[in-house]
Amino acid sequence: MAATPLLELRGVDKSFGPVQVLHDVGLSVYPGEVTALVGDNGAGKSTMVKCISGIYTIDSGTVTFDGREVSIHTPRDASALGIEIVYQDLALCDNLDIVQNMFLGREKTRGIVLDEPTMEQMAGETLASLSVRTVKSLRQLVASLSGGQRQTVAIAKAVLWNSRVVILDEPTAALGVAQTAQVLELVRRLADNGLGVVLISHNMNDVFAVSDRIAALYLGRTAAQVKTTDVTHSQVVELITAGRSGNLGLPPEKPTDFVDITPGDDQ
Amino acid sequence: MSTTTTTTGAGGVKVVKPTFASYLHDYWGRVRGGDIGSLPAILGLVVLCLIFGTARDTFFSAINFANLFSQGAAVIFIAMGLVFVLLLGEIDLSAGFASGVCGATMAIMMIDHGWGWYTAIPAALITGMVIGFVIGFLVSKVGIPSFVVTLAAFLAFQGILLQLLSGGKIVAVRDAFVLSLANENMSVWLSWALGIGSVAVYALVQFIQLRGRAARGLVTQPVGIVLGKIAGMAVLVLVAIALLTGERSINPAIISVKGVPIVAPVIAIFLIIWTFVLGKTTYGRHVYAVGGNTEAARRAGIPVDRIRISVFVIGSFMAAVGGIAAASRQNSVDPSSGGSNVLLYAVGAAVIGGTSLFGGKGRPIDAVIGGAVIAVIDNGMGLMGYSAGTKFVVTGLILLVAASVDALSRRRAAATGTR
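Protein chains in written order, with my numbering: chain A, 4 to 270; chain B, 7 to 425.
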């Protein structure tokens, strides 16, 4: 268990015009641990991830990476730091094979010619380091892979680049039971390899199966950041739905700057 | 290799080293799974040749075989460019008249302005690239569907061609070099040297690739398959050259006609260049990626708009090449150059060859195979004395069959792909 977080967000605010989506949120991602990011729809999970990945820039607050403060303005900044995101809709090209997908946009070349042997070797090594044994050939088209295998390729693509933090957006949402288990095992292995992993999920079983810590968001605020072993299923569900659970979470009063967006009620 | 051996391949991923038999078996599996490539077109080509060959003895004569090249060349060039456009799921309806405009540019520069072929041909090619850039810009930056942009361009270029030819005169092409492109043959000696040389280079490249992969412990194609490919290529090239270097003049005493038509190596050079670009360069990889999943390509940092513009530039550039080939073959440019069936034959060639209309799937060789199918139909039915009307109907039907094969194989791939 590492003492200092690899990636830490503190006091982050983000608004779109008059609508403040993130209020003073924080998140700590430790190397070698899986941090689950939970919250109801609209709680701000996606916005937070997009802030980390550089698609949105934060209004205020600090982002610390590896002990020093950084500013992330573009996706390129994020990948330069070693932050990779695996999106829910995977972003794979069906008409390309596994190796081609893993190196998409960052192909290795020798002169002007693609260096296929090197890419194939690196892809093979990455898959092996994740103990992926289920693909028949690295030259298989992604179209012919199962949902779990596709997720595996997407994750392997993210770790190929010596990344330090991998953020997974609902990786098991579209998968069956066996494939979910496979992907969760892979998520665990990423952390065991020393990466900081953020797992966004709605599924409490998944969260409790692999995560070391849970960060719950409620209406754009950090309700709680707790160790998974310290809480129960129902406490986490309460944190998600009510923002607090017993002595955990946000203070009981309604947020003061609660905005009523009921139509026809202009201020 | 006669037994299946399991080796620990790249980085420890257990891989099954394919044997000759398992490779063929896997290939058949992919075909059944909807990944059929050019197979239907090749089968179709063989069937068509057999039908026409039995119906008319002259079909298999050397002179007719040589004719096929110059008849099909313009369509094949345009179709090669269209493969790039189709790979992105776009369409270029203006390619036919763009070829006419570029051909006219060349002819007018030579006749009216006295330019030599060495400046007139580049002028035509640059005209094509400018046309492609404008179309690509309108499609990617302004966001107009390519169907509409190129439909507008189709009409406009028809008008420009009329204007260039001052309302309809025919401009003759007299430059010996340009005329030789589609009408002359290489010497017998050069034909053999080029043919044997290209087979040797092909074999060398295959073996270097094989050794490079084997040295790194990667899965290699079975040696039997590689040898088979080389042998197949050698037989095809050498038989063709043997046929074409034979005397095919009706009266050899007066004039001797033999050797490979010059246009054949020109087709081969473009085929090699574009196959290399699509298969071996980062640019080509990005074209496939944008065609397969634009959003994924964008997220991977690929400049999607630039790729989209570039395929239209290549498309119209190849249309210009086709226009030059057509002008050379007809010895002239007239207001119908690039009109009539040229565009439809070119799109048909690409699709019949196995390029998908849905984007993401296709190779430059598709244009050559599909172009050969169309040239064979056109030529064979002509020999059998069918009218132009019947030819169009049959070509249309074959295009329809090819498009259905494409659509059905996609459904098949979708059904088997997510097993």
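There's no promise every hint is true.
As the list claims (entries may be wrong) - Calculated cross-link-like contacts (lysine-lysine; reagent style BS3-like; alpha-carbon spacing at most 25 Å): (1) Lys286/B / Lys111/A; (2) Lys139/A / Lys111/A; (3) Lys286/B / Lys235/B; (4) Lys139/A / Lys147/B.
Rather than coming from a laboratory, the hints here were simulated on the basis of the structure.
Remember, it's a predicted structure, so these values are computed and weren't measured experimentally.
Outcome of the hint check:
{"no.": "1", "hint": "Lys286/B / Lys111/A", "in the structure": "holds (11 Å)"}
{"no.": "2", "hint": "Lys139/A / Lys111/A", "in the structure": "holds (23 Å)"}
{"no.": "3", "hint": "Lys286/B / Lys235/B", "in the structure": "holds (19 Å)"}
{"no.": "4", "hint": "Lys139/A / Lys147/B", "in the structure": "violated (41 Å)"}
Consistency note: the structure conflicts with earlier hint 4 alone.
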